[in-house]
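J.: Since each chain sits alone in its own frame, please combine them into the complex, following the hints.
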Amino acid sequence: MSIFKFTRRAALATGAALTMTLAAVGGAVAQTPPGVLIVGQIAEPKALDPAAVTAVNDFRILMNVYDGLVRYKDGTLEVEPALATDWEISDDGKTYTFTLRDGVTFHDGSAFNAEAVKFNFDRMLNEDHPFHDTGPFPLAFFFSAIETVEAVDDLTVKFTLNAPYAPFLSNLAYPTGLIVSPAAVEQHGADFGRNPSGTGAFKFAEWRSNEAVVVEANPDYWDGAPDLQAVVFRPITDASTRTAEMLAGGIDLMVEVPPVALSEFQGNQYTVHEQAGPHLWFLILNTKEGPMADKRVRQAANFAINKEALVNEVLEGTADVAAGPTPPAFAWAYNDDLTPYAYDPEKAKSLIAEAGAEGAELTFYVTEGGSGMLDPIAMGTAIQADLNAVGFDVKIETYEWNTFLGEVNPGLEGKADMAEMAWMTNDPDTLPFLALRTDAWPDKGGFNSGYYSNPEVDELLEQARVATDQNERATLYKKMQTIVQDDAPWVFVANWKQNAVTSDRVGNFALQPSFFLLLDDVTKN
Amino acid sequence: MTGYILKRLLSAIPVLLGITVIVFLIMALIPGDPATAILGSYATPENVEKLNRDLGLDKTLVQQYFIWLGNMVQGDFGTSFALNRPVLDEVIERFNGTLILAGTAFVLCAVFGVIAGVLSAANQYGWGDKAITFVVLLGISIPSFFLGMMMILLFAVNLRWFPVSGMWPIYGTRDIWALLAHLTLPAICLAVVATGVVARLSRSAMLEVLRQDFIRTARAKGVHERGVIWRHALRAAMVSIIPVLGIQAGFVLSGAVYIEIVFQWPGVGRMLVDAILKRDILLVQGGVVFVAACYVLFNIAVDVAQSLLDPRIKT
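Residue numbers (this note's numbering), protein chains in the order written: chain A, 1 to 525; chain B, 526 to 840.
With the rest of the complex left out, here is chain B (with noise of 0.2 Å):
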């Protein structure tokens, strides 16, 4: 098993390393530069030529590559031009928002997808499943950051239930209280289209299983009706709906960036859309590195904890 583990950490290290070679030609390929950015209207180019040697950037990109490489190996992802911090602090900083908030949408969508999904499934072609098929519908339909902005209007500015953006109040206590306030829009917001997409799909499992015989053998053994839908079926349907539970996971992740934006969440996604229109070269790069590889390592403990679980799977 050790050796297994070994082995597939040492088989992301190419797939690392062809990251850092792809974020960084993309940053040095595309047009403006941030001295230009930095100086704007003055952008001179005397000006530009100083102020790229004074952030390094007048060598050569190869040896700029290295000496980025060689920093970051050491855990120095270096300075952002944009905000004068450290990357990686900003990174983890960042990263932790956007967990949180992915995080609950993600849990959010997998209990009321999976139970929307069920009731629905229940209840083919009757009311409940037409209504439900009709929210879950319209939900996947509305793009998120308009459903954002009314969810801003109608809860915060003319109900005052939640604050409008932001991760803490400005005032008073950083307790669990004040922080559920701050996620509560943002995260049924990011959740909404994903609860759409898994009560879609366990609608349809469900409904493949209910049709099996062991459902019928189940029913004829006087199985209560519930127990029928919730413990014999759902637990068999669980087999097609969890691979797009981690489908939507991924989903929540990179959708998080509008909302971020819309709801002024410090997270990852925002900050990497800012940095790039800054042409913010080290924090987009070190940014870009630290999610792929938490992806990367991600993926690894998913595989070794399948292997642990499912013997089938030859390590």
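Looking at chain A on its own, in the form it has when it is part of the complex (with noise of 0.2 Å):
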């Protein structure tokens, strides 16, 4: 039939109209210019003010902008000098004094002085300072033990606090206390997210939506001038398409790499970077009703689930077994003693059996996602499929992560006897002041959504606040470790290791136990 010779011809065109474009376009795949690192990162940024942003996606960015007063030491969570060379503290741990470096300017031109950090204070927690409406400022808490600062002198300047704080100096570490341009914030009020300005090793260069946030070598850098001339930062927030540009060719360095798709990546021309952080993801346990009111029926519970199968198979060995409520990324304040709970059913059972709780039914609250869960679905079935072998019978709720934590943080009374949940934190303090103690209980305003409470645990808890001493603070914390595993609040569970993978154009990059991303010193060819 005459319509086959037609189609035949048109196959022909067809073919070859695409083979032209494919060459056409087949040259626009271009390799990535040596001394631009482009970073894969999982979500646009909100802003690149760092007193108005709250997600570790955004601070990737920051940090490499920005400087403290102090920051981490390579490596720890220790603090060490920044923009302050040193600082002095009062003998009642209220008044904190910073001497700062002398000679640093802002990369808008404007210098760094005492009066820009009293500005930035200012700015975040007096509602009458006039560029307070450049908020809101989410995390300003962390600094609300701030009563005044003053600038003594240029170089010179004083907070003090209304009441002891011993984390006050590693909340100044952490990305909220970043110092930003005064001049800049002037200049451009509620758009300065969009026009940052501070003294950090990159300053930036141009955003253009949805597409990249490019930042250039800034050659004046105080602390030396960065390798690199420049880092993109791309959003791509399908974990499976960044996994493709990594492997194309498009990104030189991915973050959040998915468990799957490791394996991807054991060839020579990649190296995966893992980094043990201050992560904990664990199961709150509703003290005050049901089965788990009775320790015994806790420690049941943490005997019971396997929790090295949840870290290797669930979680392909992103994550570390956890044995307390803090972290060992906090090495100066954890507690080495400690071993975590060991697998062992036939404890379990005989624990139950004790309690007189065999066949218990157990609500389990389990969420869709979240910043820090990991992989909730899966670990939430693996939990419920260990307590069921033991006897427990466990029913689990799943909620979309806005909704649990709307369902979790007004406490479990009358809902569940466990729920999920995960934290990353800064400082030893954070997590247990804020979800273990009594006075933290929902209707106090805290997070202890599972009514713990033991009078011990609280009185460390206010001593390790209000002490200056680094080596007292630690012994009231390991302290308080070893008491709070026994006690079984929670199922401790995990501890996640972040990511990366880099190309082998990229040296000298290290991922930090602060689940920072610090781009000073890399290279690339």
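Source of the hints: derived by calculation from the structure; they are not laboratory data.
Please read all numbers here as calculations on a predicted model, not as lab measurements.
Treat the hints with care, since some could be wrong.
What the hints assert, rightly or not - Below, a list of computed lysine-lysine pairs in the DSS-like style, where the Cα atoms sit at most 30 Å apart:
| # | chain 1 | residue 1 | chain 2 | residue 2 |
| --- | --- | --- | --- | --- |
| 1 | A | Lys-94 | A | Lys-395 |
| 2 | B | Lys-575 | A | Lys-158 |
| 3 | A | Lys-444 | B | Lys-655 |
| 4 | A | Lys-347 | A | Lys-94 |
| 5 | B | Lys-584 | A | Lys-444 |
| 6 | B | Lys-575 | A | Lys-94 |
| 7 | A | Lys-118 | A | Lys-295 |
| 8 | A | Lys-444 | A | Lys-288 |
T.: As structure tokens, then:
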């Protein structure tokens, strides 16, 4: 039939056209240029104003554009000087006097001095400040202990606190404490988040919405100019697409590699980086009512769950088994004597029998996702299977993350016996203080959704918060961990190891336990 | 005619108002609030309350609705909480991305779908028909996100013919070739299902027409077979194909959201999904209202065009 003559010709023509198009666009897929690091991020940043953002994703950019008064020492969670060269703490722990680094300027050319520091904290904390309306500042409560900030002279600044507050220094090292240029805030107002100016190793160059944030090397950086000429942060929300970009050479560094994709990066041209961080994945147990009110049942739950299997099989080795409430990343405050609850179903069964809780029905809140929650549905199902195996009858209720928080944060009473939860913090004080004290029960505005209460733990945590000597704090935290582990108000499950992949063109890169991404020493050819 | 257009535009106002009420209520009623979403683990009742006050969410629902509506009438759609930029800028930029993607996919599905349907019908039950039907059914059955992943793996990761994701190159010139390189995979992927549907329906429309008397007459007159198929039969079949194309236009627009996620295409669908997850109320509301207004206006334009072309439609 004539129709087929036509088809064959058409097919040829189409084929030829297609080949030409391919040849034309083939050249468009170029290698990334040397000296320019392209980072695959997980989302579009909200703003580049450190006081206004809360997401780790945004912090990854900010930590390279700004400096704080202090910062974490490389590879640790211990504080060292940054924009402040030295500081003194008064004996009552309420006055911190910082000596500032001389000769530092912001990227916009204005000088860094005591007035600039004062401006930063007043903007966040003082509702009458002319630039308070450039917020909101959701994490300003990190600094709610500050009563006044005073510029003593050009290079001396004095913070007065309303009560001794030991985590103050490590909160200053957190991105919320990064110092922005007052001149830039005055110039751009609420648009400062898109026109940022700091003192960091890289200065802001360009933000193309939904495409990339570009920062360029700051040749005058006080801590030595970076090796890279520029860094491009690309938001690629879908993890599989991010993996594909890494494999295709479209990005040089990829963060948050999904566990199942790690096997793709075995070859020589990639390096997989791993770093345990201040993260804890746990189950909140309802200690107020129901079977979990009995300590033996709570311990039984800890013995019954096979945590090794969870971290190795469900999470493909991207986490370590947790022993207690404090992550080992807080090396100075972590109690090395703790060993995780062993996987011992027999012991669990005998504890349950002792408590007379055989066949107890448990309602278990599981979330679909959420920050730091890793793979919550798969983990929840595995936990359910382990608990049923020792004689519980676990019913899962699954919620979307925001709804889940709305159910869990007000407390589990009358609703559930256990709930998944995960926290990432910057100081060993934060999580236990907000989630284990009697005064942190939900009705008192805290996160102790399982109503754990032990006066001894309360006392230790209160003391640790006002002690300014790090060794003294460490002793108190270690004692707290032993007690809490035995009381088992939670099931301690996992400490997440953050991961990243770099191509063989990238050198000198290391992940930090703080989960920040620091790029000032990184090279790329 | 002007009266008709005015009447249609006026009648669109209650529709749009209804949409604003519905989208506002949905965002107000779903559990979880923006302050909790922003604060995450740190969402103490105290912090949530303060942040809600800063975001202007402590007012009553009625107040919030009228403030929002009042601002919107003046062209101010507010500022997105999650992106910290004017809602309207974001929505227009993203809608533009979706139009480029969906428009290209629509052209692909219309052209290739009709051609495949016609070839299939002209060769009914022959090998050509069987081959086309097989491919078409395969195309209809593959979920587009899966197809997208496979295309990325083959053409972007292994063969490196096309970039994996995005709309523009990070480096290099932003010309039409760069756009085409980024557009090819997602547009093809989005067009596949719609092409299949168009091909199936064009085939049956053509078969219907090919059985009619005027085709026999044309053949008897000695018209070349190619002429019979493409000139006589297809023209008649277009009457029933065009409404199908209209439906497919809506389908590629709404189906674009999966493709936008897989290929990281900066479109309005992905924007709305992200915004809902982050409880970015103003962005969801503004985005939905904007897209709905475009649909309503598009429909009015189509009706007006039709009434101009076809005198039987009363104005």
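J.: Is the Cα-Cα distance between Lys-444 (chain A) and Lys-288 (chain A) 30 Å or less?
T.: At roughly 16 Å apart (the allowed maximum being 30 Å), Lys-288 (chain A) and Lys-444 (chain A) satisfy the hint.
J.: Are the Cα atoms of Lys-444 (chain A) and Lys-655 (chain B) separated by 30 Å or less?
T.: violated, 71 Å
J.: Lys-584 (chain B) and Lys-444 (chain A): Cα distance at most 30 Å?
T.: Satisfied, since the Cα-Cα distance of roughly 24 Å is no more than 30 Å.
J.: Check the hint pairing Lys-94 (chain A) with Lys-395 (chain A) against an upper bound of 30 Å on the C-alpha distance.
T.: violated, 49 Å
J.: Just to be careful, I want the Cα atoms of Lys-347 (chain A) and Lys-94 (chain A) compared with a cutoff of 30 Å; is the pair within it?
T.: Since the Cα atoms of Lys-347 (chain A) and Lys-94 (chain A) sit roughly 49 Å apart, the hinted pair is violated (cutoff 30 Å).
J.: Regarding the pair Lys-118 (chain A) and Lys-295 (chain A), is the alpha-carbon distance no greater than 30 Å?
T.: With Cα atoms ~49 Å apart, Lys-118 (chain A) and Lys-295 (chain A) exceed 30 Å; violated.
J.: Given the proposed pairing of Lys-575 (chain B) with Lys-94 (chain A), does the C-alpha separation stay at or below 30 Å?
T.: Cα-Cα ~26 Å, so holds.
J.: Does the structure keep Lys-575 (chain B) and Lys-158 (chain A) at a Cα separation of 30 Å or less?
T.: holds, 27 Å
In terms of the numbered hints stated before, the structure departs from hints 1, 3, 4 and 7, listed from lowest to highest.
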